[in-house]
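Peer 1: Spelled out, the chains give:
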Amino acid sequence: MPLLWLVLILIAASIVGFFLGRQRALHTADGNPRDLHSLPSYYGHNVAFTGLLPALIILVIWVLVQPIIIDNRVSNLIPSTAIPENSTLGLVMSDVRRVADGLDHAVSEGSLSSERASALQADKTDVRALLGESGIAVGNDVRPEILSAAQKYRKINHVGSSVMTALVLLIAGGGFIYAYSVTHKDFRARNIVERGVLGLLILAASLAILTTVGIVLSMFFETLNFFSLHSWKDFYLGTTWAPNFRGDSDLSILPLLWGTLYISVIALLVAVPIGLFAAVYLSEYANNTVRSFAKPLLEILAGIPTIVYGLFALLTVGPALVTFFGQGNNGILGVEWMAGATSVLTAGVVMGIMLIPFVSSLSDDIINAVPQTMRDGSLGLGATKSETIRQVVIPAALPGIVGAVLLAASRAIGETMIVVMGAGAIAKFSLNPLESMTTITTRIVSQLTGDTDFASPETLVAFALGLTLFVLTLGLNVLALYIVRKYREQYD
Amino acid sequence: MNDMTVLDKAVEIKNTKIAANDVHVYYGDAHAIKGVDVEIEDKTVTAFIGPSGCGKSTFLRCLNRMNDTIDICQVKGDILIDGEDIYDKRVDPVQLRAKVGMVFQKPNPFPKSIYDNVAYGPRIHGLAKTKADLDDIVEKSLRRGAIWDEVKDRLDKPGTGLSGGQQQRLCIARAVATEPEILLMDEPCSALDPIATAQVEELIDELRTSFSVVIVTHSMQQAARVSQKTAFFHLGNLVEFGETGKIFTNPEDPRTESYITGRIG
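Line by line, the protein sequences give chains V and H.
Using our numbering, you'd call the opening residue of the first sequence number 6 and step up by one each time.
Using our numbering, you'd call the opening residue of the second sequence number 956 and step up by one each time.
The following block holds chain V by itself, in its conformation from the complex (with noise of 0.2 Å):
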C-alpha cells in the first residue's frame, strides 16, 4: 500500500474517531454537556490523537530506518568482486536500488507480472533493455549479481512495507480502541490534551535547537579532517594564505581575519553613528507622522537582499571612491592612491550602510525603554532636551546600545554578499583601506566552489573557517546579550 494511503486512512480514521469521541463522552452524561469534565470536543481530540499521533511517529521512524536496515543487508551479499574497479560499494549499491525501483516501476505499470520481476535472470533476459521499454533508464548492462542484490532489495523493502502498514495500523486501532473505551464523563480529556499541546511545543523547541548541534557537529567533523591533513599551527598562527590546488599550501586564517575585521570596523565607524543618530531622532525628536513613514522606509534598507548592497558596492561606491582617490575620470583630488574599485573601504562603506537599520531599530528600541520618568526627572530640573539625551538618555541605554553594536559587529564579520563584490580577492596584512583585502567568507566561498578534489584540505580548510567564524560570531553575540541582560534589570 503506498504511503500516501496509509496517511489519509490514519488522517481519516482520526476524523472518525473524534466525533465518536465527542458522542460517546455527550451519550455517558445523557446529553449533557454540563456533566462532562471537559469541553465535549476535548473527548473528540483525545480519541483523534491518541490513535493518530503514535502511530505517525512509528510511521515516521520506520521510513526513516527501513533503508539503511536493507542498505545494510543487501551490500553484505555484494561480493568484493563485483565491485569494478575505481567505483566504490556506495555506486554499486545506488545501481542496485536504480534496478530495483525500475523493476517496482515495471509491475506497477502493468508491463511486468509481478512472479516474472521476481524471476528475471541477467543472463536470460536483458533487463536494461526491458527497463529502457518502461522508460526507466540503468547506465551499463545489469549484470546478475546486482539483479539479484535488487531482487533482494525488492523484497525485504516489499516485506519491509507490509509489515509497517500492518504494525501502524495495529496502533493505530489500538489507539482508538483504547482512547474510546476510556471516554466516560469522568474523564480528564482536558489534562491529557494539555499535556499532548504541551508534547507538541516541546518538540518543535527541541527540534530547533538539535539542528543548530547537529549543523555544528557536522561543521566540527570536516573541521576534523582538515586538522588531520594540516597543521593546525600554520591555520592558525601562519601568516600566508596561498592555495594551491597541487597541494602543498599555505592556508593561515590570520590574514582572512585581519581582512574581515578591518572591513567590519570601517562598517561599523559608518553605521553606528548615523544608526544611533537616526534612533535618537526617531525616539526622541520626531513626532507621529514622521516617525510612522521615516521608521518603514528605514527598515526598507534591512530588506534589501545582500548581493544588490554588493552591485551597489562594486558599479556605484567602489568607481565613486576610485574618482575621488584615483585616476577614475582622471580623479578629483589628482592622487593615485587608488586602483581599482574593489577595496576595503568600499566594502566597509556598503556593509555599514547595510547595518544602519539593524543598529537603529535596536537603538530605537532600547531608547524607547528608557523609563519616561527618567526624561521628565531632567527636563524637570530645567535641562534641555539633548542635555537630556546626551546625558541621561543614553548613558541609561548605554549597555543596550553596546549590545546592538555588538550584534552589528557579528552581522558585519558574518556577512559574505558585499565582501565578495566589494572587497576583492588578495589576501594580505594592510593598513591601507584602499588596497583591496579578502575575508573569511569571501575565501569560504571560492574554496568550496572550486572544481577540485573535495577530500583535500584546500577545500575542507572552508569547514575550519566556518567553524572558527562561527565560534567569532557566537562568542559576540553571547557577549552581547549578557551585556544586555545584565544591565536592563536596573531601570524597571
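Honestly, the hints are just simulated from the structure, not real lab data.
Incorrect hints may have been included.
Said to hold, decoys possible - Simulated pairs of lysine to aspartate or glutamate, EDC-like, Cα-Cα distance not exceeding 16 Å:
id	chain 1	residue 1	chain 2	residue 2
1	H	Lys1095	H	Glu1134
2	V	Lys390	H	Asp1047
3	H	Lys1061	V	Glu392
4	H	Lys1067	V	Glu392
5	V	Lys390	H	Asp992
6	H	Lys1031	H	Asp992
Keep in mind that this is a model prediction, so the values were computed, not measured.
Starting from the structure of chain V, add chain H where the hints point.
Peer 2: For chain H alone, coordinates are given in the frame of chain V:
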C-alpha cells in the same frame, strides 16, 4: 467697603507667588482642566487633593510647563509667576523649570552617582564656578534633602542603589540644588513606605521656610498634616480652595464634604 478691597490687594501683591486665571487644558479632544483660578502664596505648602483623574497632576504640570513635552496637550488661560506670564512666547521653558523645581511620583534618580545626581542641575545651569563650589552646593542640597548623613560616605555610589525613601529624598535634594523658588511635588510619597513617608513629610515642612511648595497627594491625612492651603479638584474643576483647616473641618461645597468624608472618589 472700598477701603477693605484696597487692603486685600496690598496683601495679595505681597504674598502671591503663582496666580492662575481661567486655565483650560485639553488632551486632544478631552477637556482635562475646565477653567481653574487659583492663587498660591509664597513660603506656604499648598496641597492639591481630589479623586484620580480629576486633573490635579495635570494642573501641577502646567506650572512648570512640563505639559509641553506631551504633543497633544494644549494649555489656555494665564498662569503668572511673580506677575510674569509663563506661557508668554518670550519665556524659555528651560529657564522656567530651573526656577520651578519638580519632584515626581516615582523616585527617578539618574543612573549616575549620588554626587552627579545632585550636581546635574547646577552643572547644566553653570551655578558652580569651581569644583569646591559644586561640592558645597551638593553638600548643602543633600543636607536640605535630609539625606546627607546617610550618603556622605558613598557619594560616588550609584543613586539607583539607595532605598525607595532615600531615592525620593535624593530627588528632592536634586531639585533643591538648582535653587528654585517653587517646588512642585507630584504624589511624592505614593511609592514609599510609612517611615519614608514620615521623613519626606517632615522634610516638606522644613522646605516651606525657603520655597513655595505645591504638593499633589491622594492621602487626605497627608494634605492635612503638611499643608497650610488646600485645593480640591473634581472632574477638572477647582471646587474649593482655602485654609487647610477650614477645608477639612468646615467645607463649603457639598462635593468637598463628600470627598473628605469618603463618599466620593
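Peer 1: If a hint holds in the structure, say so; if it does not, say that too.
Peer 2: Hints and how they fare:
1. H:Lys1095 / H:Glu1134: With a Cα-Cα distance of about 11 Å, the restraint between Lys1095 of chain H and Glu1134 of chain H holds, given a limit of 16 Å.
2. V:Lys390 / H:Asp1047: holds (13 Å)
3. H:Lys1061 / V:Glu392: Status violated; Cα separation ~22 Å.
4. H:Lys1067 / V:Glu392: holds (15 Å)
5. V:Lys390 / H:Asp992: Violated. Lys390 of chain V to Asp992 of chain H sits at ~31 Å, over the 16 Å cutoff.
6. H:Lys1031 / H:Asp992: holds (12 Å)
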